[in-house]
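Participant: Residues per chain are reported as follows:
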Amino acid sequence: MWQALYEELRAQNFTVVAVAMDSRPADPLPWIEAAKPTYLTLIDRDHRLAELYDMVNVPEAVWIDEAGRIVRPPEPAGSYEGFRRMNRETKEMPEDVARLTAQTKAAYLDAIRDWVRNGPRSEHALDPRRAEARLKAPDENVARAHAAFRLGQYLIRAGRSEEGRRWLEEASRLHPESWCMWRQQAGVNETGLASLPDFWQRVDALGDKRYYPAIDMKGMP
Amino acid sequence: MVTLLTDQGERTVAGARVERERLWLTPSDLEAATGWELQPEGFCHGGACVPLPAGRESELVRDGRVEVGALWRHLGKALTHSEAGDVWVLGEAAGDRAAALRSLQAPDFTLPDPSGAMHSLLSELRGKKVLLVSWASW
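Chains as they are written, first to last, in the numbering used here: chain A, 3 to 223; chain B, 73 to 210.
No lab work stands behind these hints, which were simulated from the structure alone. There could be a bad hint or two in this list.
List of simulated lysine-lysine pairs, DSS-like, C-alpha gap at most 25 Å [to be verified]: (1) 107(A) - 149(B); (2) 149(B) - 220(A); (3) 220(A) - 200(B); (4) 201(B) - 211(A); (5) 38(A) - 200(B); (6) 107(A) - 211(A); (7) 211(A) - 93(A); (8) 149(B) - 138(A); (9) 201(B) - 38(A); (10) 38(A) - 107(A); (11) 149(B) - 38(A).
Bound-form chain A, shown alone (with noise of 0.2 Å):
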């Protein structure tokens, strides 16, 4: 998804790290061989980066200018969670989140050039006190479920996978807003993705609450 964008821009200064926040180390390298990206891309198996942004879920992304610093904090990266209301069986979608999916992908785009082009001039780039007020603040329990979340990673890594998948189990208790934390130890499709039955209860669990917030960002559908 970021490649074409990333050879549209690059020569304006701009690039695109991408974090693969996935700890089977073979996992992530087929999409990547895939996407064939000539952008950074760094493995992150003990979920450092969600830990260090408090992220909470795949894509997430942050915009950092060229001083390092945070013009945009944590949002999706112009995802729609248009999978809610997908059927099930058929899998086929909505038209009308097609067209939301599409809206929002787009817009989130654009808002990129925008800033690529116009720099802090840009409506989407946010001054520090705007940026400050969209920082979530992590609590307590958000620092324990990742040092516990790192330990059941280690854990299992060294084959000690029993007590390892405890400690993720804990992880998740204690920051249960993180799908990160909960789909990286979740059970896998055949195509590795966390999406079975116990996924599809969780997400059915959110209620009225956004799988993926709404991004807080004019041209946003």
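We have chain A already, so just place chain B on it with the hints.
Facilitator: Showing chain B alone in chain A's frame:
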């Protein structure tokens, strides 16, 4: 042998002593693993010092060793350990993570690319506009 998992990475310490919920390290092992130094003023890191809790000093420092669990709790930082006590995660305080984000300086990290080569985000990309985006195969 105890393995410590910190923000800096993984480190195995040969001289650590574990008794149930307590991890005792020499001050030099503590400093090597975490950057925290035991000074007369207390525990110091990056120029800032935290005094030992009055009346409870021996919970943290005894017989020339530091009880890291007590220290970490005193600092308000998250920590956990394996059931066997051989792997300890010395985590961070939620408040410190939040303060780092509120500074709006993008937190740096070092991670490998698919070939295993390590990259540090900020040193590589300062001077460019960066879209830092997460993804996963799950």
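Participant: For every hint, state whether the structure bears it out.
Facilitator: Verification of the supplied hints:
1. 107(A) - 149(B): violated, 38 Å
2. 149(B) - 220(A): Measuring from Cα to Cα gives roughly 38 Å; hence the hint is violated.
3. 220(A) - 200(B): Holds: residue 220(A) and residue 200(B) sit about 24 Å apart, inside 25 Å.
4. 201(B) - 211(A): violated, 32 Å
5. 38(A) - 200(B): holds, 22 Å
6. 107(A) - 211(A): holds, 21 Å
7. 211(A) - 93(A): holds, 22 Å
8. 149(B) - 138(A): holds, 19 Å
9. 201(B) - 38(A): holds, 21 Å
10. 38(A) - 107(A): Holds - the C-alpha atoms of residue 107(A) and residue 38(A) are around 21 Å apart, at most 25 Å.
11. 149(B) - 38(A): violated, 40 Å
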